[in-house]
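Engineer: Sequence lines, in order, name chains V and A.
For the first sequence, numbering that gives the first Met the number 0 gives the first residue as 0, with consecutive numbering after it.
For the second sequence, numbering that gives the first Met the number 0 gives the first residue as 0, with consecutive numbering after it.
These are calculated hints, taken from the structure and not from any lab test.
Keep in mind it's a predicted model, so treat the numbers as computed, not measured.
Treat the hints with care, since some could be wrong.
In silico contact screen, one side only, chain A against chain V (beta carbon under 10 Å); selected entries [unchecked claim]:
| # | residue |
| --- | --- |
| 1 | A47 |
| 2 | L49 |
| 3 | H68 |
| 4 | V89 |
We treat Cβ as the ideally placed atom computed from N, Cα and C, and that holds for glycine.
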Amino acid sequence: MDRATLVFAGLLALLLPLSLLAGRVWIDPASTPNAMLILMELRLPRALLAVVIGVGLGAAGAAMQGYLRNPLADPGLFGIAPMAALGAVASLWFGFGPSPWLLPLMALAGAAAGMAMLAAIAGRTGGIALFTLAGLMIASLAGALTALAITLSPNPFAMSEIVMWLNGALTDRSWRDVMLAAPLVTAGIGLLVFAARSLDALTLGEAAARSLGVRPGWLLALLVGGVGLTVGASVAVAGIIGFVGLIVPHLVRPLTDRLPSSLILPSALAGACLVLAADSLVRILPLVTELRLGIALSLLGAPFFLWLLVRMRRGRL
Amino acid sequence: MLAAEGLSLVRGGAQVLERLSTALAPGKVTAICGANGAGKSSLLMALAGLHEPSAGAITLDGELLGAMHPRIRAQRIGYLPQETEVAWDVAVENLVRLGRMPHRYRGEQAVESAIAALDLEGLRHRPVSQLSGGEKARALLARVLAGEPRWILADEPFAALDLAHQQALLRHLGQAAWGGAGVALVVHDLATAMNHADRVLVLREGRLVADGAPKEALSPANIEAAWGVAMRWIGDEGARALVSDQD
Numbered sequence: 000m001d002r003a004t005l006v007f008a009g010l011l012a013l014l015l016p017l018s019l020l021a022g023r024v025w026i027d028p029a030s031t032p033n034a035m036l037i038l039m040e041l042r043l044p045r046a047l048l049a050v051v052i053g054v055g056l057g058a059a060g061a062a063m064q065g066y067l068r069n070p071l072a073d074p075g076l077f078g079i080a081p082m083a084a085l086g087a088v089a090s091l092w093f094g095f096g097p098s099p100w101l102l103p104l105m106a107l108a109g110a111a112a113g114m115a116m117l118a119a120i121a122g123r124t125g126g127i128a129l130f131t132l133a134g135l136m137i138a139s140l141a142g143a144l145t146a147l148a149i150t151l152s153p154n155p156f157a158m159s160e161i162v163m164w165l166n167g168a169l170t171d172r173s174w175r176d177v178m179l180a181a182p183l184v185t186a187g188i189g190l191l192v193f194a195a196r197s198l199d200a201l202t203l204g205e206a207a208a209r210s211l212g213v214r215p216g217w218l219l220a221l222l223v224g225g226v227g228l229t230v231g232a233s234v235a236v237a238g239i240i241g242f243v244g245l246i247v248p249h250l251v252r253p254l255t256d257r258l259p260s261s262l263i264l265p266s267a268l269a270g271a272c273l274v275l276a277a278d279s280l281v282r283i284l285p286l287v288t289e290l291r292l293g294i295a296l297s298l299l300g301a302p303f304f305l306w307l308l309v310r311m312r313r314g315r316l
Numbered sequence: 000m001l002a003a004e005g006l007s008l009v010r011g012g013a014q015v016l017e018r019l020s021t022a023l024a025p026g027k028v029t030a031i032c033g034a035n036g037a038g039k040s041s042l043l044m045a046l047a048g049l050h051e052p053s054a055g056a057i058t059l060d061g062e063l064l065g066a067m068h069p070r071i072r073a074q075r076i077g078y079l080p081q082e083t084e085v086a087w088d089v090a091v092e093n094l095v096r097l098g099r100m101p102h103r104y105r106g107e108q109a110v111e112s113a114i115a116a117l118d119l120e121g122l123r124h125r126p127v128s129q130l131s132g133g134e135k136a137r138a139l140l141a142r143v144l145a146g147e148p149r150w151i152l153a154d155e156p157f158a159a160l161d162l163a164h165q166q167a168l169l170r171h172l173g174q175a176a177w178g179g180a181g182v183a184l185v186v187h188d189l190a191t192a193m194n195h196a197d198r199v200l201v202l203r204e205g206r207l208v209a210d211g212a213p214k215e216a217l218s219p220a221n222i223e224a225a226w227g228v229a230m231r232w233i234g235d236e237g238a239r240a241l242v243s244d245q246d
């Protein structure tokens, strides 16, 4: 096991039990009434969901930065997350919110539609520039349709539900959400790991990568599938949780040989640590209502992104 | 033999190569020359199996290149693009090791040999961002050599190099050809082609206008036909220089 994987696996092993105990009310398993019930039915599924989502977003970020050869790439930028969000918004718009399965399933359908559109537009040639442009346009279209849905909300309750949901959170999630997201994220990470060596070759540019035997169309399919499953599953159960995929590879990279294949698994673990820590933090903060996880990570991520830009301008990235 | 038969290539709606036929021999250094836009890089990429011909065929030892599994093709043909940008700040050793990818990273010895051949031992742990232009060019060539390809196709490998590094790189490529590899280079400097290549292909507007020993292919008449300038050669064999016919 390499250094980065060890570091973040160790950190996760430390954070997971802490996050089970942390909250507005700290749990003492020995003295808190109904401690086991709270732990098993509320805190544990929420913590595991944070791990599942973080793992997926972290791995997707590392793969996406490797594919686009750009340290500023975030998997959320390329259409799949906004399309998943659009699917979820549609289910809330039509009043399916209370149904336990319809919202995540419609979000997954949105993610699948985003993946299909990306593959249809950019898949034939497998060109990275076309992929980026197509992704940004799909994201833009999904964003516009989401805004339209909010504007034309059938009632103020639906509008508030949509806006709250878009901000991303792990509040009141259950084992059902873990069961839905975990297999999809696992499958997605499997695809990304499979693509890892080809991503390494892209370090030398597209032509050199192809000369090393990389098949661009196949790589694109693996990447769209992997990012689609991980990001789609995450949006389906938690709403938009941004910036994890952007931040995490930067934390991991200095501990590795910097090739994309060395980043994917440690980034998955580091993503789990980040989402878990952020979710624990939003529970502890003494605010009137719990700060939404998506907002908290954006508050953390946007300044980080600006700091990256400044470092890049100074040629240190 | 790496052969093109009636090769035509259309890229972005433009005819880049037109009914081009040639056969490159292993153990020789072939220079591909021509004016800007003549189709040199496109020919090299097509020969590396990176452009699908619009018409005609490219074969490697009689086997159709397009029908070959990409990994098998990559084991046999090493391609060094003109682009020297390396996306991540990897150490030289890891950069060179990428050359073993078509062999599923088996054969670490080839990585060591390539590092030794290009005198990169002292730089093996250095990140690419800390290399000079010449060191980086050596590392990138070592990446190709680490794959132990039977063919080395390089697109303007001398473009960013000073004279000393050009000479060193020429020596390495010559050694590879001595070892039996076929070497094809896109070269802008005609004196380099004249003095160091075994054979020269001259392209003009996507067509092959000369193909043969450097002395014949780069005759003043052919140079005038391909580049539209009157030039003549001076100096002795192996150390020739090109001067304007007006001088």
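Engineer: Holds or violated: A/A47 as interface residue toward chain V, Cβ cutoff 10 Å?
Structural biologist: Holds. Min distance 6 Å.
Engineer: Are A/V89 and chain V close enough, Cβ to Cβ, to be under 10 Å, as the hint says?
Structural biologist: holds (5 Å)
Engineer: Interface hint check: A/H68, Cβ to nearest Cβ on chain V, cutoff 10 Å. Holds or violated?
Structural biologist: holds (8 Å)
Engineer: Hold the hint about A/L49 up to the distance rule: shortest CB distance to chain V must be less than 10 Å.
Structural biologist: holds (5 Å)
Going through the hint list in order, the structure satisfies each hint without exception.
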